[in-house]
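Chemist: Listed here are the chains, written in short residue letters.
Protein chains: 2
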Amino acid sequence: MTVGIHIIADLYGVDEELISTSENVLSVIEESVRISGLTKISSDYYQFQPKGVSGIVLLAESHLSFHTWPEHNLVTLDIYTCGDPHHADLAFNYIVTKLSPTSIDYKKLTRGNQIAEDVKIVSPEHVIIQ
Amino acid sequence: MTVGIHIIADLYGVDEELISTSENVLSVIEESVRISGLTKISSDYYQFQPKGVSGIVLLAESHLSFHTWPEHNLVTLDIYTCGDPHHADLAFNYIVTKLSPTSIDYKKLTRGNQIAEDVKIVSPEHVIIQ
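Just so you know, the sequences run in chain order U and C.
Mapping to this note's numbering: the first sequence position 106 is 590, numbers consecutive.
Mapping to this note's numbering: the second sequence position 79 is 563, numbers consecutive.
Just chain U, same shape as in the assembly:
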């Protein structure tokens, strides 16, 4: 049993213009959350000078974070959900489609792997841990 899945992706070769301003980044991120079925609680974006953006979305299902290095044509993206994993995939696919990276370093982790399963006490002498 786990509590969620966590997509960790570094996107290379992204057009610098797409990731230089919070205005551009905000529209991609907010739309990725909206179309994927993730549940936004709040979001915040920070514009670095002269260029570069950090964006973070607090989700009912965990979070999405997005940090850009336009000078390296790089985005580092995390999508972590304790809800339907398919929603994270949808958000990821939307962002990749919008940013068209030339390569992606992608990992998908599970979180909370070591929590105990529900303990079902069948009888005082018979405990099943599934």
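In case anyone wonders, no lab produced these hints; they're calculated from the structure.
This structure is a prediction, so every number in the text was calculated from the model and none was measured.
Glycine is no exception: its CB is placed at the ideal position from the N, C-alpha and C atoms.
Relax, there's no trap hidden among the hints.
Cross-link-like lysine-lysine pairs, in silico, DSBU-like; alpha carbons within 30 Å at most:
(1) Lys592/C with Lys582/U
(2) Lys592/U with Lys535/C
(3) Lys582/U with Lys524/U
Ranges of calculated distance between the beta carbons of each label pair, as one might list FRET restraints:
(4) Glu507/C with Glu501/U: 41 to 51 Å
(5) Ile599/U with His570/C: 25 to 35 Å
(6) Glu501/U with Ser584/C: 45 to 55 Å
(7) Thr586/C with Lys535/U: 36 to 46 Å
(8) Glu507/U with Thr586/C: 41 to 51 Å
Please build the complex by placing chain C on the supplied structure of chain U, with the hints as guidance.
Modeler: What follows is chain C alone, placed relative to chain U:
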């Protein structure tokens, strides 16, 4: 060359009371950022009912996120910094000291591993990529 380090840690066996309310979680997280030298831009906390908290801190150096499952005595923690890695370690150590988990599943990733180093053109026929 990389752009930063990312601590990914699942903390097990944490006292349920410590991680049930945003009030408790907020004090640990905000202090971890303050004492470690990380630079907070903003933070947001969400209280789940009847218990459980999500907290996220947008940092000038990237972000810190914290999600709790009191019913599983579990915290999933991420500290990602493009600044001094030591600051992330200090924040991590502070949180662990405060929460006293019985076990930790800990990973430290580097992000943006594949960005090109500065290209030094020595002569038209001699390009060094370091």
